[in-house]
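A.B. asks: Chain order of the listed sequences is A and U.
For the first sequence, our numbering begins at 1 and goes up steadily by one.
For the second sequence, our numbering begins at 1001 and goes up steadily by one.
By construction, these hints were calculated from the structure, which means they are not laboratory data.
Careful: at least some of the hints might be erroneous.
[Said to hold, decoys possible] Calculated cross-link-like contacts (lysine-lysine; reagent style DSSO-like; alpha-carbon spacing at most 27 Å):
id : chain 1 : residue 1 : chain 2 : residue 2
1  : A       : K70       : A       : K3
2  : U       : K1003     : U       : K1073
3  : A       : K57       : U       : K1070
4  : A       : K53       : A       : K3
5  : A       : K55       : U       : K1003
6  : U       : K1003     : U       : K1070
[Said to hold, decoys possible] From chain A, some residues computed to sit far from chain U (all C-beta separations above 10 Å):
id : residue
7  : S8
8  : L41
9  : L43
10 : R44
11 : L45
12 : E69
13 : S82
14 : Q85
15 : M88
16 : L90
17 : S94
18 : E100
19 : Q101
We put the CB at the ideal spot given by N, CA and C, even for glycine.
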Amino acid sequence: DVKVTQSSRYLVKRTGEKVFLECVQDMDHENMFWYRQDPGLGLRLIYFSYDVKMKEKGDIPEGYSVSREKKERFSLILESASTNQTSMYLCASSAPHRDEQFFGPGTRLTVL
Amino acid sequence: AQKITQTQPGMFVQEKEAVTLDCTYDTSDQSYGLFWYKQPSSGEMIFLIYQGSYDEQNATEGRYSLNFQKARKSANLVISASQLGDSAMYFCAGSFSGGYNKLIFGAGTRLAVHP
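One chain only, chain A, in its complex shape (with noise of 0.2 Å):
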C-alpha cells in the first residue's frame, strides 16, 4: 500500500515564526504536491516537485517555500507565519504518466 504521512495532524503557532511542514512517502513516487484546503474552496495546489531538488509554483505560492533534498520527503516551509495561513494542509504524491495522486493525513495548521 502506498503510504503518506504527515510530521504532524495538528498544529499551532504564532504569528511570524518559520514553520515547517514534512511530507514522507514510501513508494518511490517522483511527483509531489503540496496543497492547502479551505471551506468552500476546495483544496488549492502551492508548490510541487517532480524531481529531488526541483520545484514548480502552482496557484498560491506566496508566503510559502519548499525543500525536496530527498525523493521521499517533501517539505513546506512558512517564513513567517501569517493568520491567513491557518488551514488545512494536505500532501500528495504520484507516479510519472500516473494522474492519480496519494494524499497524507493533512495537518491542521493554527496561526495564532
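Position chain U against the provided structure of chain A, taking the given hints into account.
C.D. replies: Below, chain U alone, put in the same frame as chain A:
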C-alpha cells in the same frame, strides 16, 4: 483556464438510496482525466474513481459510478445503495494539460446519509 465546478455545497440521502453528486468542468484540452475523492471527517483523501476523456465506457468501482457526458462537460458521481459510512466530503478533480499530474479540485460537496 481549466476549472472544476461543484454546485452542491451539501446533499442528503436516505440510507440504501442512490445519490448523484454533480461536477462540471471547463477545458479546451482533448486529453484529460477526471477523478472523485472522498474525505471523511478524519481528513484523509480517499481516491474513488477515475475517468479518462477517451474512455468510451463510464467508469465503475463497486457502488460508485461516474456518469461522464463529454459534450456537456459533466462528470457526475453516482453512489448506489448509500451507507452511513458514505457521509463525507466529496471532491471532483481534473488533470489537464499542465503536466506533472497536477490536479484542479472543485469546492466539494458534503454528503449526509440519514438512517
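A.B. asks: Confirm or reject each hint.
C.D. replies: Hints, verified against the model:
1. Between K70(A) and K3(A) the alpha-carbon distance is near 16 Å, which keeps this suggested pair within the 27 Å criterion.
2. About 11 Å separates the Cα atoms of K1003(U) and K1073(U), which keeps this hinted pair within 27 Å; it holds.
3. For the hint pairing K57(A) with K1070(U), the CA-to-CA distance comes to about 30 Å; that exceeds 27 Å, so the pair is violated.
4. For the hint pairing K53(A) with K3(A), the CA-to-CA distance comes to about 21 Å; that is within 27 Å, so the pair holds.
5. For the suggested pair K55(A) and K1003(U), the alpha carbons sit about 23 Å apart, so the restraint of at most 27 Å is met.
6. A hinted pair counts as satisfied when its Cα atoms are at most 27 Å apart, and K1003(U) with K1070(U) qualifies at roughly 15 Å.
7. Look at S8(A): its CB is around 12 Å from the nearest CB on chain U, clear of 10 Å, so calling it non-interface holds up.
8. Against the 10 Å criterion, L41(A) falls within the reach of chain U, whose nearest CB is about 6 Å from its own CB.
9. Taking the minimum C-beta to C-beta distance to chain U, about 4 Å, the non-interface status of L43(A) is violated against the 10 Å cut.
10. A Cβ of chain U approaches the Cβ of R44(A) within 10 Å, the least distance being about 8 Å, so the stated non-interface status is violated.
11. Some Cβ of chain U comes within 10 Å of the Cβ of L45(A); the nearest lies about 6 Å off, and the non-interface call is violated.
12. Against chain U, the non-interface label of E69(A) holds: every CB pair exceeds 10 Å, the least being about 19 Å.
13. The Cβ of S82(A) sits about 23 Å from the closest Cβ of chain U, beyond the 10 Å cut-off, so the non-interface label holds.
14. The claim that Q85(A) is not at the interface with chain U holds, since no C-beta of that chain comes within 10 Å of its own (minimum 18 Å).
15. Against the 10 Å criterion, M88(A) falls within the reach of chain U, whose nearest CB is about 7 Å from its own CB.
16. Its closest Cβ contact with chain U, about 7 Å, brings L90(A) to no more than 10 Å, contrary to its assignment away from the interface.
17. Not every CB of chain U lies more than 10 Å from the CB of S94(A), the least distance being 5 Å, so the non-interface label is violated.
18. Against the 10 Å criterion, E100(A) falls within the reach of chain U, whose nearest CB is about 6 Å from its own CB.
19. Distance check for Q101(A) against chain U: the nearest CB is about 6 Å away, which does not clear 10 Å, and the non-interface claim fails.
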